[in-house]
Amino acid sequence: MSRNTERNLRLSQSSVFYYTQGLDDPVLKRTPDYSTDLYPSMLITDVQNEIMPYTLHKESSLSVYVSPSDPRTEELVTIALKRRNHASDLQSAVSDFLRECVQVIMTYGLAAYEVAYLVEKKTETEVGFRLSLVPPKALIHDGKLRQYVPPDIAEKLNVSQYIDLPRENVFLFEHPSFTASKITQMMNSLSLLSKAVPSLLLGGFSGTSGKPFDVGVPSPSLEKSVLAQVTRLIGWNARGLFNEEISEFYQFHRLLLFHKFVTELRNALLSKMNDSFRVAGGRLGFSVELRIEGLPTIQDLEEAISRLTAGGYPFGEFVTKFGA
Amino acid sequence: MILVMQTLGYPPSILNLAMVSVLGALAIFSFVVMGLKMIDFLDPSQLTRYLANETIESIKSVSPSGFMWKNNVIQSLHQRVAERALSTYQNIIKLATSRESQVSGIDLAAPALAVLRVYADAKPRIPTESYWFKRSYGHQDWLTADFTRLDLALRTSTSLLPDLIPNLSWFEKYLGEIFVMILRAVINKQHSQEIIELSEWINQSLTIMAEDFELTEAVYLLHILSPVVRGAIYANSKDYSHPGLLDAWMRWPISILLGFSRNFLTITSESIHQQMNNIAWDKLETLYATKMPRDAVKKLEYLLKTIQFEQAVEGQIITPLWYWEEIIGSSLLLSISESIEALIEIFKMFPTEAASLIEDKQYELAAAAIQRGLEACEKFEYHLGNGSQLAESLADLHRTADIPWPKPDWSKFKGEIDACRGNLASSLARVVNNIGLLPQLEGQPDYFGQAYTFLAEQSYTAMLTGNHKLFEQIFPSFFQSCFIARQRVMKRTKPMAGSMDAALVLSTEPILDLLELSGYAILFSELGDKELWHITNKLWDSFLSRAADSKIRLISAIAEYRDGVFGVTPRDFVRTKWQQTFEQKLRESGLLSEYGEPLKKVHKSAIIKIITRTGHLFDRPRDIFQALYLSRKSKARGIKWRRSVQ
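From first to last, the protein sequence lines are chains A and B.
Throughout the first sequence, residue numbering follows the numbering used here, covering 1 to 324 in sequence.
Throughout the second sequence, residue numbering follows the numbering used here, covering 1001 to 1646 in sequence.
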């Protein structure tokens, strides 16, 4: 769809977009924001980078396609997902969408997208759709689905402070249910670990033997141990921060666990995306399923963990296959 | 006591009396013991025993058998106790050796050697991080420090935490100084029996240390003790005890090799599997029950740290056993490879010392050093074979292709030993004729005979392996030594009344050796290495131009005489071995057939064609030499050569 065409369209959606970052609003502050803490922000970036690998070489086996194959449907899906204005293909659009979505989920625990329809201004016919992000932190989920808008912004945009959102058009992207609560707990702990300077660190420098450095000195490995414990569920290696403390084997074991976590998350998001396409397709008259191939599956990763444990396979093979 | 009882109104009974008598006797005996100990304090050798016992107690206390051995404070305490005891030991030795003293050096050294042995056994079981090892600060670089350390420093506004680096060899340094003082004192006294005995003790200690993988420590002792011995040898070359002293000194590196290489036979992939299986990671003593070099112990300690980390994180151990075995196997093999390199460096002292002694014109001592050096090379080569087998066995543990696995370069090691042997052979060639001219004293080893025999063997091996450079270095000396050898044998066998034939036969042996080797020089030249005959030919030409006309006649007569003698001499066996090796070489090249089979190859050389015409080595090399060289000389005119030569 060209820019000229896009100019003739308007977006039909209930939610309104505004930047929540930096707003000093008591309602928005209720949702924790992990993006400013060291360890959570590192983790968020790592998950974002892993959810869809950057394919710089042509030999990449990564393939993103719609089934059944149809150029029109592919264009509709590309427009629905693309996050940047310049023209992009389906794979770039899907990658951008997943990266944005996963960043929001990891930061706020949940990402809400509304299926917004593109309406031709002249004819008032729906010709396409977009997955529009409901501003993070602004979603209120209390039996009803509502969007909160701070008073000054509501006045500026001329909308109500609480906007009811159509449940059938809003899709909540989140962690798979079996890990969701644990991930929230993990992010809380990581946030705490980033901020904490325990009193023992400041008070521990007066050694008992009168030496400048002695038994009173806190061990840096304590922080590493806590970091490894907190991230045990997803196997994140914190960019090698505790590599010195762990065996290479355990390092690769965690690496594979991390890829498994990312793969599970990707699968959950893909499934939710297809749900949204079904809703949009019902209105626009298409039926499609988005598929991603060429990335390791859960089965691949479980098999890799078994092979790693059994021994006899070079670690480098895992790195080549799944990335470091 | 009885007085007190009476005062209180209790009449003493017979039992009270008996008890008082026993206590009285005990007091008298205690006084005797105390008196004896007072006397001990006047005897330095007794005093050193007390200090040694105290040190041994400290060593035991910081190894797994000790009470609270894991406690840093206890470790530090025992380190200080041992250091103080060793320091006192040094002071006693200084006092005992600084004046005219009748105290035996052995008595002074024995307790320290006992400590060294106990320590050699205990040290691998002391944790690397134990405060038994003295500490020094290793300050961190802000630009290269790891993030957590940096972050902690920034968040607490402190400097970077320094590392406390353990000094693993502080103890050996103290003991080494003690041995140096004692050895110097013993050598100064020139008491040969004490020198030999002390040296033997040091020998045994070095073997034990090397066997316990404490090669660095053994090498350190060797390095600090060597200058003492060396100084004595060069200071007064006429002293009677020097051959023994030199020989004892030269055995030290061999002892280190032998001790170390015993491990080649005991370590296998299976033994490592067993040892790793026996480790209970929550019981430190089981970790230190393994017999490993320090680098492997450090790896074990690293594994322990990772396992403890894993347990803290996961609540269980995730890393499987095979990974630990692979890490330890790799570390062990690397340690062995590095140790072999270190040993090769030590072995270079043999040619170096031999060359120095030749420079100093101490030919017999040089010959003694060379002989020990040759023995050392032989032993080293043998044990390299075992080492290579060990490496093959450990390869079973290498399961992950990208975990770096050490690849000891066995052929390089062998090459370096061969080079060492070659240097020694060259030195021997330089020295053989000088020793030959010295009178042979009763009770002294036959350095000349040994040198002669070795040079003959090396000349042949140099031809066989195509090493004409070595041949050029040693064969001229051997050539000359044959005539000296003949004279020496004749002189020694003169008193053999009634056995003139035996004396004659033995005195002709060196000439037969020379003829035989000259014949081989022709044959090997025909096979390809022309330089060999060129060297030999030049030597003979030079010899004959200086020799009387009768010399060729004499040589021909000796060869003819020996053809008529029935019986086999010891040198005949050596020459037969040369012949067998030569035949084997021809067979491998297809120039001799096996069991009557047709020849696979025919050599272009007419001489080779002739000697292989029957499928066996038909002609003797000495006949070939006489036929092709001696008989054609103008000085040989008129000699009636035997049929085999014709």
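The hints are simulated quantities; they were obtained by calculation from the structure and are not laboratory data.
Some hints here could point you the wrong way.
Said to hold, decoys possible - Pairs of lysine to any residue, SDA-like flavour, derived with a Cα cap of 25 Å: (1) B:Lys1577 <-> B:Ile1558; (2) B:Lys1469 <-> B:Ile1558; (3) B:Lys1305 <-> A:Thr20; (4) A:Lys195 <-> B:Leu1160; (5) B:Lys1283 <-> A:Pro314.
How the hints compare with the structure:
About 22 Å separates the Cα atoms of B:Lys1577 and B:Ile1558, which keeps this hinted pair within 25 Å; it holds. A distance of roughly 31 Å separates the Cα atoms of B:Lys1469 and B:Ile1558; the hinted pair therefore is violated under the 25 Å criterion. A threshold of 25 Å between alpha carbons decides the hint, and for B:Lys1305 with A:Thr20 the separation of about 45 Å lies outside it, so the pair is violated. This hinted pair checks out: A:Lys195 and B:Leu1160 have alpha carbons roughly 20 Å apart, not beyond 25 Å.
The suggested pairing of B:Lys1283 with A:Pro314 is violated, with an alpha-carbon distance near 32 Å, which exceeds 25 Å.
Violated hints for the displayed structure, listed by number in ascending order: 2, 3 and 5.
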